[in-house]
Amino acid sequence: MKGNNTIYKEENNVEVRDIISLNLPNAPEYVSIARLTLSGIASRMGFNIEDIEDLKVAVAEACTNAIKHGCGKDRNYSIEFLVLKDKLRIEIIDGGKGFDYKKVKEPDLTKPREGGLGLYIIKTLMDEVQIFNNQKNCGTRIIMSKNLGES
Amino acid sequence: MKGNNTIYKEENNVEVRDIISLNLPNAPEYVSIARLTLSGIASRMGFNIEDIEDLKVAVAEACTNAIKHGCGKDRNYSIEFLVLKDKLRIEIIDGGKGFDYKKVKEPDLTKPREGGLGLYIIKTLMDEVQIFNNQKNCGTRIIMSKNLGES
Amino acid sequence: MILNIKDQFDEEKGRWLIELEGEADVYTVNNFKERMHQLLDEKMADVEIDGTSLQYIDSIGLGALIGLRGRMADQEKVLIIKNIQPNVRKLLNITGLDKIFIIEQED
Amino acid sequence: MILNIKDQFDEEKGRWLIELEGEADVYTVNNFKERMHQLLDEKMADVEIDGTSLQYIDSIGLGALIGLRGRMADQEKVLIIKNIQPNVRKLLNITGLDKIFIIEQED
Ligand SMILES: Nc1ncnc2c1ncn2[C@@H]1O[C@H](COP(=O)(O)OP(=O)(O)O)[C@@H](O)[C@H]1O
Ligand SMILES: Nc1ncnc2c1ncn2[C@@H]1O[C@H](COP(=O)(O)OP(=O)(O)O)[C@@H](O)[C@H]1O
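Residue numbers (our numbering), protein chains in the order written: chain A, 26 to 176; chain B, 26 to 176; chain C, 628 to 734; chain D, 628 to 734.
With the rest of the complex left out, here is chain A (with noise of 0.2 Å):
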């Protein structure tokens, strides 16, 4: 296996309340649905609009992912919400190339280049992120989670 790369570890018994999937072309113009859809989930479970915010722009992040290193033009991609009692977690899944999450380098803050800011954009904004690589380079899936009520 290339890669199963956990930035925090999480824990394994979680009871899902509810699953909405959303499947997306691979095109910059339907990400907006992307953060649309999300944003009715997160304020019908009643996160507050600092962290709608957050929500948004880290699902953005990595749908953005998904669509410039995932998959070919004409396929789709995954988002599924989960909907736990205390927190949501969102999987975003492509088919494309994959990559080894330990080889990304943290951008270099006093540095700034035009890319490179995605991953860390969420790592910041979430409260728990994973990474992992399908077999065979084929795919990536990240999982992020935010918890209700703190802030």
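Hints are not guaranteed to be accurate.
To be verified - Chain B side only, calculated, beta carbon under 7 Å to chain A, not exhaustive:
{"no.": "1", "residue": "N48"}
{"no.": "2", "residue": "I58"}
{"no.": "3", "residue": "T62"}
Claimed, not checked - Some chain A residues well away from chain B (every beta-carbon gap over 10 Å; in silico):
{"no.": "4", "residue": "G71"}
{"no.": "5", "residue": "N73"}
{"no.": "6", "residue": "E75"}
Please keep in mind that the hints were generated in silico from the structure rather than gathered at the bench.
Since the model is a prediction, treat every value here as computed from it, not as a measurement.
Ideal Cβ positions, reconstructed from N, Cα and C, are used throughout, including at glycine.
Dock chains B, C and D with the ligands against the given chain A, drawing on the hints supplied.
Structure of chains B, C and D with the ligands alone, referenced to chain A:
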């Protein structure tokens, strides 16, 4: 085959540009997510506000039917949004008991009842509607389209 | 995604004044029905619904209004709906309910 | 879901005044980059971006600002960003870009 009840005939040869699909829990609290996702897609396509309102109502009615008459409590149902050149086609698919569309009576508008308005509203608001019964009483697929730039 | 219901009994007109704010749909309808029946239990009277802030209604919400009107008609009371948004109006029109309810539009 | 860009050259201050309205994201960013480079081709000068109506920015939008600043810094011009919303501000903070751009907040 039990049913294949075409209300309006539809041409078979259409160029599908993009497909977005949304899979939702069988619960009333998520119907608003369907409306939200739909309104994002429809406004991106350039539908005007009145048409978007019509689409929201029609989709929500079909979702409500999927929940009320459709599947078991712990199953999901799906919505597929097909972005075509000059129309939006929406398919709502449940795994419920199905029904024979021909046996459903039009509501008598002079004698209002509490139920029985959903399909009538859908037909009135959309340009084309088809209802398919999957074989062996297993689920319903309702396909509805609205054309861009009329009204 | 929610429906707020404000109620007040207008002694002068002898009717319930109800303000609806939000969405009357499959999710919020049970709460609405319960509340309205409580009010009518408390005092059977005409009902005036102000729809200025009612953004959305679906067939289940319309069904609830039909049921309400049924109970009131038995007691010779009327259901008045005023100041509704164009999208709500359109649904009342296509379902013929605009001829069944009393619709008042201020402008 | 769109980004409107208004531009005007302020002769007095000698800078481009840019108002952004909407969302600077992966979808709208190309248009923004093109427009800004056109303006700098026309006249290389300081740029002042008014973010009052900028609702959203993502890493691609930030990247475009970084690229823009790079081109300007070579010519000793500055990029000023004013009146940004809290969510945009937060992203500038966590990426350290608040220390790289000149941020002005009116209140
Ligand atoms: N879904 C993905 N599939 C393949 N590679 C990815 C994916 N997401 C991120 N990467 C890799 O990780 C790197 C860092 O990603 P990120 O921090 O989002 O910055 P950027 O996308 O701007 O390079 C990318 O350059 C890419 O090599
Ligand atoms: N998805 C579905 N699965 C099974 N039966 C359905 C479905 N949609 C509609 N029906 C049937 O068609 C009838 C009419 O539906 P509708 O016009 O929406 O009114 P209502 O749902 O209020 O009865 C329903 O009572 C039901 O028997």
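Hint by hint, here is what the structure shows:
Below 7 Å, beta-carbon pairs count as interface contacts, and N48 (chain B) has one with chain A at about 4 Å; its hint therefore holds. Nearest Cβ of chain A to the Cβ of I58 (chain B): about 5 Å, under the 7 Å cut. The hint holds. Contact between T62 (chain B) and chain A, as hinted, is supported at the beta carbon level, the nearest pair being about 5 Å apart and thus within 7 Å. The Cβ of G71 (chain A) sits about 12 Å from the closest Cβ of chain B, beyond the 10 Å cut-off, so the non-interface label holds.
Taking the minimum C-beta to C-beta distance to chain B, about 18 Å, the non-interface status of N73 (chain A) holds against the 10 Å cut. At roughly 20 Å, the least C-beta separation between E75 (chain A) and chain B is larger than 10 Å, which holds for a residue marked as non-interface.
Violated hints: none; the structure is consistent with every hint.
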